[in-house]
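Protein chains in written order, with numbering that gives the first Met the number 0: chain A, 0 to 307; chain B, 0 to 363; chain C, 0 to 275.
Bear in mind the hints are in silico, worked out from the structure with no lab data behind them.
Treat the hints with care, since some could be wrong.
Sample of chain C residues with no beta-carbon within 12 Å of chain A, all distances over it, derived [as the list claims (entries may be wrong)]:
1) 38
2) 40
3) 56
4) 96
5) 191
6) 219
7) 221
A few chain B residues that face chain C, going by a derived Cβ cut-off under 7 Å, partial list only [said to hold, decoys possible]:
8) 53
9) 69
10) 80
11) 82
12) 84
13) 86
14) 88
15) 97
16) 102
17) 104
As the structure is a prediction and not an experimental result, all values here were calculated from the model.
Ideal Cβ positions, reconstructed from N, Cα and C, are used throughout, including at glycine.
Here are the chains, one letter per residue:
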Amino acid sequence: MATIEQNLKPRRFDLARPSRQHLLGYILLAPAVILVALIIIYPLFISVDLSFQNVKLARIGSARKAFTLANYEKLFASPDFWLACWVTVKMVTAVTIGSLLVGVSTALLVNNKFRGRTLARLVMALPWAVPEIIAVVMFAWIFDSTFGLISWLIWKIGLTTELIAWVSTPGPAFWAITVTMIWKGFPFVSIMTLAGLQSIPDDFYAAAKVDGANALQRFRWITLPCLMPVLGVTLVLVMLWVFRDFSIIKTMTDGGPLKSTTTLSIMTYEQAFGFFKFGYASAVGVVTLIICVVASLAMLGRGSKAMY
Amino acid sequence: MAKISIENVHKDYGDFTALHPFSLEIQDGEFVVLVGPSGCGKSTMLKILAGLEPATGGQIRLDDRDVTDLAPGDRDIAMVFQNYALYPHLTVRQNIGFGLKMRKVSSNQIARKVEEAAKTLGVSHLLDRKPKALSGGQRQRVALGRAIVREPQAFLMDEPLSNLDAKLRVHMRAEISALHNRIGVTTVYVTHDQIEAMTMADRVVLMRDGVIQQIADPDTLFQKPVNLFAAGFIGSPGMNLLSAAFDGAMIEMFGKQVPVNIQENAQLGGVIAGLRPEHLELGDGPVTFQVRPSLVESLGSEKYVYFHDEAHHIVRSGDAEEENDKGLIARVSHTGHLSENENLTLSFDPANLYLFDAETERAL
Amino acid sequence: MNRTPLQSILLYGTVIFAATIILFPIFWLFNTALSTTVELTQLPPSFWPEEAQWQIFTKVWNDRPIPLWLWNSTITAVGSVILSMTVSVLAGYSLSRFSPRGSHGMGLFILTAKMLPATLLVIPLFAIFRSIGLIGSLWTLIIAHSTLIVPFTTWMLKGYFDTIPRELEQAAMVDGCSPLGAMFRVIMPVSMPGLAATALYSFVLSWADYAYARTFLVNSQGNWTANMGITTMRGEYVTDWNEIAAAAVFVAIPIMVIYLFLERYLVGGLTAGAEK
């Protein structure tokens with residue numbers, strides 16, 4: 000008995016019907032699934048496929064070469080591979096620890112209430128906004144062997160007797176990259192830690208104070224435990240970022256000198272586009288991925304849901 | 000305005016049955032309340048009525064029109080939500096008029112209808128504001144406005160008062176009832192609050208764990224609960240329930256023999272006796288006994304007297320476990336001081352007793 | 000909070016100290032850009048040029064194909080954002096509103112996608128694009144960047160949509176909308192802040208890519224993105240550091256401006272995406 004003129008056009012395929020409502024979920028998911036299947040899953044399969052072939056320059060559609068384990072055998076026997084592993088581990092450890100220290104400290108700092116706090120927060124996270132290539136430009140110049148600031152500073156302070164050729168000496172090159180990465184990486188840790196800190200209810204601290212805990216005890220028994228989950232996830236994400244990084248290392252040292260900064264990621268690329276050994280390169284890449292997955296899951300265990 | 004016919008509607012989630020076959024005939028213009036504790040299936044039923052969830056089986060008819068698998072927008076119903084669900088990016092005016100706009104009503108008509116609805120609910124002065132600038136009560140009124148403006152055949156309300164503070168809740172309760180008296184649209188109202196059910200409903204549907212316990216008007220529900228759950232759920236404070244031995248003609252309560260009239264054969268399972276707190280009185284009466292109160296709460300002219308009785312096992316059906324420890328409650332009219340831990344005389348009339356089979360929990 | 004004057008000094012002092020160290024490289028970049036070559040090739044390094052050489056910016060802008068590079072980066076980023084956002088908004092909404100059946104699988108996938116080194120994926124993608132004949136076109140980048148973006152943005156958006164109550168769509172449907180209608184008329188307008196932040200984040204991710212650009216565009220100078228262009232400015236033996244610094248400023252500015260807009264939403268977006 001409607002008194003208003005209502006024009007509801009009858010829909011043919013009516014997704015609004017209760018029995019059909021859930022279909023929309025699948026329809027909306029379809030584009031993503033298709034895209035992902037095409038550009039991530041399919042290429043991933045190709046990669047794995049290539050790793051089992053003796054392929055130089057791959058071409059889709061050409062006849063598949065014979066299945067061979069040669070790439071993997073060569074891989075595990077190659078000293079370059081193990082060196083790359085070692086370099087990767089070193090770099091991951093150094094950058095992760097560095098970013099964690101700087102990131103958590105800055106977050107703790109900025110968590111206090113003071114005037115100019117918003118500005119400080121903005122500043123603290125600014126390196127995140129700088130593209131990696133630009134960061135390389137900055138630090139390559141600062142670490143320049145002849146005229147760079149750091150070289151001169153260290154020489155002036157008296158730590159060295161002559162100017163260090165940062166980029167062309169194995170040891171210093173590693174640290175130049177590490178410093179650059181920490182500078183780029185810590186803001187992420189800072190932001191995540193800050194979010195974690197701010198989610199700790201004030202009541203916890205109030206209760207602790209009433210119970211007589213001092214600042215250090217409050218940090219140890221309240222702040223740290225509450226922060227653990229966040230830090231865990233953040234740690235793994237930073238780790239993965241270092242593992243995967245290409246831009247910084249490639250443009251700063253190109254994996255040199257003498258492969259002292261060649262991580263697994265760089266090695267993968269080199270083999271593919273430097274030496275045009277797609278099969279071998281894919282094998283390196285696949286192994287890198289497996290290491291990543293295993294390491295992340297090991298670190299997070301059942302908490303892996305938090306990583307989504 | 001229409002009658003709603005629900006036939007054997009049930010809802011399963013895999014192995015779990017959220018709603019057992021549910022049948023109900025709602026008359027044109029009736030105000031029916033679905034009430035029960037959380038998880039009893041009342042909201043599920045409402046969502047199925049609205050078309051927001053598909054039923055696993057059964058049929059729903061609106062005025063003899065089969066709407067079981069019809070889109071929510073095609074059922075000619077309106078819904079009011081617990082969280083109001085006002086569109087944050089639209090003004091109050093646009094919020095109220097949204098449904099009309101979707102139905103391609105002319106903008107002149109929309110404007111007129113919106114003004115009318117706003118006036119009915121007293122929100123005319125808020126028409127150009129956005130929801131975030133409104134108080135809880137105002138938002139609820141706008142939500143009601145959005146519902147009435149389309150003049151639908153039925154209203155569905157999902158715990159609309161739960162988010163309001165106590166005083167506002169009482170006020171809005173009266174407003175909704177008044178609105179219903181004025182407009183007279185068939186309404187299905189869901190709540191967990193038995194007071195709302197009792198004060199607003201023409202008929203109450205009491206539910207528990209997906210099963211209808213009793214369908215009755217409020218008075219009948221209060222006076223003749225059909226099982227233990229219904230007896231315990233309705234009324235505040237809840238009914239006192241104790242197990243009592245039955246010897247064929249008498250049951251024993253508080254150390255006294257009380258004559259009862261039980262038609263059915265209940266000897267096998269034992270009996271549970273129910274006594275509402277307000278039916279206990281101070282002083283002597285048909286059945287008198289002494290107690291020592293463990294706690295006395297004073298509400299001014301009334302007192303709640305809490306006492307224990309070791310001889311009887313106190314029964315609580317449902318989820319009110321915490322109330323169990325407090326023991327039995329008597330609600331007495333008394334001004335002045337009643338002290339705890341001093342003997343007190345209470346009495347009751349056996350005619351006010353409710354009796355239930357201990358096994359089946361049904362009324363005797 | 001009551002602080003003693005000493006605590007205040009310590010706090011402000013530490014903050015200023017930290018900020019200085021953090022901002023230093025950025026400052027140094029400007030310093031380098033504005034210095035003359037003479038000043039740059041002498042020790043000790045000067046902390047600010049005697050005469051700031053502002054004309055270096057116009058020089059670099061005119062001499063080098065910087066406008067072209069910026070243009071290419073922009074088109075690629077805009078293209079990637081459109082592609083990725085379309086896909087991930089729909090997917091994120093679906094994951095938020097509809098059954099968890101796909102949720103766990105999607106979650107696992109996203110986990111793996113975050114671990115994929117670009118250097119692995121670039122190999123097969125190169126082979127694929129080569130077979131299609133797309134190598135050298137910016138389309139390769141637009142498509143390839145989605146591999147970087149979609150895993151993150153889908154989850155960010157899901158987290159964001161989770162914060163919008165389902166009752167809104169239900170009310171819209173009772174009012175007469177179809178489920179799609181409810182999504183576009185009600186949920187999308189309400190989600191604007193989250194959508195904008197995610198889009199900006201996607202832009203940043205696309206702009207930052209180097210691996211794909213370098214691989215797919217190496218032979219197509221006309222299509223070089225900013226990142227590629229800058230790296231070529233480093234000469235084999237000699238680099239005009241003031242020029243490259245000036246170019247670097249051009250490339251960094253758009254992103255830093257976006258960051259200023261984004262900062263507010265950053266925490267929410269990143270944590271919604273990474274923490275649940």
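| query | What are the numbers of the hints that this structure violates, sorted from low to high? | reply | The structure conflicts with hints 1, 2, 4, 8, 9, 17, although it agrees with all the remaining ones.
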